[in-house]
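Colleague: Spelled out, the chains give:
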Amino acid sequence: MIVNKRIGLMVLMRESIGTLLVLAAWDFVVVILYQLFHQEWMEIPSLPLSLIGSALALFMSVRNNTAYARWWEGRTLWGAVTNNSRSFGRQVCSILGGRKDLVRAMAAYPHALRTALGEVDASKDVERLLAPEMAARIKGWKNQPNGILVQLGLGVTEEATKLGIDGALHGQIDRILSDLANAQGGLERIQKTPLPIQYSGLPRALANIFCIVLPLSAVQTLGWITPLGSSLVGLLFVVLDKTGADLQEPFTNTPHALPMAAMATTIETDLLQSIGEPAPPPVVVSNGVQP
Amino acid sequence: MIVNKRIGLMVLMRESIGTLLVLAAWDFVVVILYQLFHQEWMEIPSLPLSLIGSALALFMSVRNNTAYARWWEGRTLWGAVTNNSRSFGRQVCSILGGRKDLVRAMAAYPHALRTALGEVDASKDVERLLAPEMAARIKGWKNQPNGILVQLGLGVTEEATKLGIDGALHGQIDRILSDLANAQGGLERIQKTPLPIQYSGLPRALANIFCIVLPLSAVQTLGWITPLGSSLVGLLFVVLDKTGADLQEPFTNTPHALPMAAMATTIETDLLQSIGEPAPPPVVVSNGVQP
Amino acid sequence: MIVNKRIGLMVLMRESIGTLLVLAAWDFVVVILYQLFHQEWMEIPSLPLSLIGSALALFMSVRNNTAYARWWEGRTLWGAVTNNSRSFGRQVCSILGGRKDLVRAMAAYPHALRTALGEVDASKDVERLLAPEMAARIKGWKNQPNGILVQLGLGVTEEATKLGIDGALHGQIDRILSDLANAQGGLERIQKTPLPIQYSGLPRALANIFCIVLPLSAVQTLGWITPLGSSLVGLLFVVLDKTGADLQEPFTNTPHALPMAAMATTIETDLLQSIGEPAPPPVVVSNGVQP
Amino acid sequence: MIVNKRIGLMVLMRESIGTLLVLAAWDFVVVILYQLFHQEWMEIPSLPLSLIGSALALFMSVRNNTAYARWWEGRTLWGAVTNNSRSFGRQVCSILGGRKDLVRAMAAYPHALRTALGEVDASKDVERLLAPEMAARIKGWKNQPNGILVQLGLGVTEEATKLGIDGALHGQIDRILSDLANAQGGLERIQKTPLPIQYSGLPRALANIFCIVLPLSAVQTLGWITPLGSSLVGLLFVVLDKTGADLQEPFTNTPHALPMAAMATTIETDLLQSIGEPAPPPVVVSNGVQP
Amino acid sequence: MIVNKRIGLMVLMRESIGTLLVLAAWDFVVVILYQLFHQEWMEIPSLPLSLIGSALALFMSVRNNTAYARWWEGRTLWGAVTNNSRSFGRQVCSILGGRKDLVRAMAAYPHALRTALGEVDASKDVERLLAPEMAARIKGWKNQPNGILVQLGLGVTEEATKLGIDGALHGQIDRILSDLANAQGGLERIQKTPLPIQYSGLPRALANIFCIVLPLSAVQTLGWITPLGSSLVGLLFVVLDKTGADLQEPFTNTPHALPMAAMATTIETDLLQSIGEPAPPPVVVSNGVQP
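These protein sequence lines are chains H, P, C, A and R, in that order.
Numbers 1 to 291, taken from my numbering, label the letters of the first sequence in order.
Numbers 1 to 291, taken from my numbering, label the letters of the second sequence in order.
Numbers 1 to 291, taken from my numbering, label the letters of the third sequence in order.
Numbers 1 to 291, taken from my numbering, label the letters of the fourth sequence in order.
Numbers 1 to 291, taken from my numbering, label the letters of the fifth sequence in order.
The reader is advised that the hints may include incorrect statements.
Said to hold, decoys possible - So the derived list for chain H, only partly shown, Cβ under 10 Å to chain R, looks like this:
1. I7
2. G8
3. W72
4. R75
5. W78
6. T115
7. Q191
8. L195
9. N208
10. V239
11. G244
12. E277
13. A279
14. P281
FYI, nobody ran anything at the bench for these hints, they're computed from the structure.
We put the CB at the ideal spot given by N, CA and C, even for glycine.
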């Protein structure tokens, strides 16, 4: 996630420069053909342009709203993971007598989760935190984070039985594990269910058609400054589409993705401090991007 | 659900080619009548066009937002089924001593659910997983998935009584069954309550009227290139309507529906692995479409 | 609720034909006055028209979004009634030893609820299902469905005390009754709180003004085909308003209302089958409308 | 809250007549200066008008959506108060042996709440219902409704201890009190946090500027009928702003506010009937407005 | 937060005056070059302007909706902190025998939270309220508010064990602490996750480009009054952008931020009054701004 505004704008600019050059090239071709060779068949009136624009706006508005909603829901669900793992840590301290291996397993959980969701391998962090016997028991499971939750459930029951914890309190801890399962399932839902092709594929295609038609329609009135006006406007619509595309998949490895490493480290820090262990080093922001 | 972008765009193209041909034919008729036979009564000024466009945009925007919301709510409710069946699996392992028939019945549940919702028959998967005596007890029930939930409730009570499980923990497991009932009811709500006719039927009718008027209004300014401009624009509005229509019924048997087979298999895998049984083979994506 | 698309479009057409005739009559008056008697004072430029259109679009967009949201929230709350009464049925079977009178009282509940909400009297269905002594105890209560919930609460406590049910399990059943109270309260909220007058009354008034001004503004450019263009466009805006009006009150007795009889019968069927009693006959769809 | 459509439209008309007269006066000044004295410097082209209109539409659309959302959230939270006080009544009857003073205190709660939120003093209703010793104990508390909730919590604990109620059932009743605290906090949030000044203050200012510029821009094309067209359009935008302003503060003493007296009386009726006491007289609707 | 409308509008005016001057200066340069020196190359037709406007409107509409949603979600989450700390106070009084140090620690919690979120240091308020031994135990914790929650959890367990409180009631209190953890996590989510750079950075850039192009496009038709029209319109779009920017970060130290000091003091007052201690002085509104 980009956390520095100035760098962020530069990143956006760098990502768009190629598109801009292509647009400008096409605009120059159009203006030269029209102005020098007087290809009058090129004169396209503005009616289709504004109608294409309307359809584009309808698509873009649904798509970009949805893309942002996916991104923010992803962040909110990671927030739920944070909140519930903190509550689990509190409950282990206050109710289960502070069993450290369970707290450490919970600290391993977000690292297992980000490995399952994203394109990064955090299995070293999982190894570092998860007790070897737990790791052994879930080896080969397709869904590693779910495996950790099942092991946590078994550990909680074991401890609750040993300490003679009341069933209702045990149930409250189990409720937290269910809430974690809900958050995890929500994150997997976003990752496994891309935006429907109509919204993820068509806006780009429409924006491209729009950019091709644009100088043809503008050249009669704009004349020699067509490349300036047309490229600028075309770029805006391409950037609008890119904005949706950047946000609609929040668990990729791009600068626009959610900072899953930072979030997992925050969870780890809060949990380890609650059992008196040293916090891991914070995640470093490099080039304005938080991984 | 389409999971491959390139194939998805081709699917969309294939589904729209017929409409495009009809539109182009009408546009040619208009342009030939106007250009060759000078039927000047055809000249319709652009005022009604832009007003029809506005009404269309208002309808489309409510409809397409709603259609996407239905699709995504359907997916979210299936996610709730996933999450709660996982939590049920964890609870059976950690609290109920891992009774396998209950976990297998829970693995049968999503298959019964997708049979009830969609147009596919997954009763073989249900048979494969559900213990015969349970299957016998819910035979003839109108709502099979609800039948499985009732049987699960009876099984949980039986086991809880046998093991002397605390009522509060028993209540936590029952809560998961209630959450499943809530998710199931939500899915049935989407399936049984189509979008109101005003939003499911009128946008298509409006889009058709719009496409008929469009070349009449464009022919004066566009002349011979009318078919190109008019068909393109008409196609966009038809595709916009189709996008809403594709998403508003998420449990059909089209490539745009939710991948209920894949989701049910994921649930089955997670549950069977938690009791040490082999996972079923994953659902195969064919032609970019996940069933 | 209309469940047949073709019939639904015919219903919409029938409901709009009167408006269309009035619009067309006014358009003819305008065009004849203008074309034959050259009343030039009628020439109204298009500026006010497009500004009225903008204000209308803002009103309509808030109103129609809200009307649909009310309709869908009403449906969702009925869904919550369905889900929770099913869960209650499951709990009575698995925890309370299957006391039939409670399940039957729960089956009576949705019928009492639809009597309280809508314009239909389903008290016969309530009588058929509710035990006479319960009916007697809530006689004269202003809010009958709430009376049934209170009686259910008393019945559950009685049975739980008799069977020595754990308080936590008892609490889980009571939670379901609270969830039903929440859903019922939500339904009453929608019924008792109409859309604010600004959104329920003004859009129609604005649409009427728009339809009066429309031909005056269109007649200069459209000439003799004004009635065609103007009536069509006017009809669209009237239909847009009607769409909102149809959906904003979801508990009326029109074809656009929610199918409360069908939903109550579904609940009854699921509950009666869970105690081995015969299901009631399904609600008949007549003329494409589900009551 | 206005519950009669015809009267409601008249109320809106009465509230807007002043604005209309001011608008018309300004329009007449402009048209007379322009038509009689040929002040040509007044001719303002339509470009700025349509741009101001766009900015206005963006502001209005966020504001009016938000204002309605505040109004409806306020209603929904009052609904939560209704639902949870009913559930409390049911629980006192079925679990706590029907202690009447607690039910009466709960009936006093919504009256205390509407005194705290709105501009009406319902302390007589509170006095009528609340036991004097409870009233004495919360005397001087800044937040009276919260005081009642604390006293209800103490009363429930006292009774639960006396009757030897299971902790889990006690917890379920306490959960209802927490849900009431949540609803109350939400209502206070809406009351204490006005819409940001950008949305509550600027739309009116913008609408005023728009109305001043409007006739200047319209007078060239509309001529002598400027006052008719311009006043009508200006009025629409002022009414649009007024609609947002009416709804954004739902707890005032205007006809557009939520009917807090009626809602509190409904709660009182349901609660008193559940302990066999007579219901209060219903709130009278006068002049189509429900207080 | 601005609570006085008149002062608020003046604050907005003061914050915008600089921008207005820059805009007006540029407009004068353009109009003088055009009118006096007849630089005709400056004539830019309105096509690009309206297209830039469309893209701008799409960006602005997503951004401003989102910014408001962030602001309101922040307020709602602070509301959840208020509600749950009140419920905690009620539970300590009615269930835990009124242990004052726990109630005081809960009163310290919102002050610790606002220190962690915002740019203000309220550690003195925390010190004043938190028992020294608790403060000592969480010294050095990275997340102070979470530390207080963990200590509260320990205190509740200690007291519950001493008084022999039923596990289910203990669980209800623990549930309130989990709800507080959820609200806190949500607030941290908003603070740590800025709006994506595409929505926080681009609208300003686009608005600036728009303001540069605006007088070039308007000067042909507006002539000498260009600065008036163009500056006004430009200012509107800049203010629209500023509105989003003001609301998107609700925990800053500007007049537009949420009144965290006031909210924390309200919580403190309600809690201290419930244990019979004197309320702190209310937060003073100065210059119409509530801190």
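Colleague: A separate judgement is required for each hint: does it hold in the structure or not?
Modeller: Okay, the hints, checked on the actual structure:
| no. | hint | result |
| --- | --- | --- |
| 1 | I7 | holds, 9 Å |
| 2 | G8 | holds, 3 Å |
| 3 | W72 | holds, 8 Å |
| 4 | R75 | holds, 5 Å |
| 5 | W78 | holds, 8 Å |
| 6 | T115 | violated, 21 Å |
| 7 | Q191 | violated, 18 Å |
| 8 | L195 | violated, 15 Å |
| 9 | N208 | violated, 16 Å |
| 10 | V239 | holds, 7 Å |
| 11 | G244 | holds, 9 Å |
| 12 | E277 | violated, 12 Å |
| 13 | A279 | holds, 6 Å |
| 14 | P281 | violated, 12 Å |
The structure does not agree with the numbered hints 6, 7, 8, 9, 12 and 14 stated previously, though it agrees with the rest.
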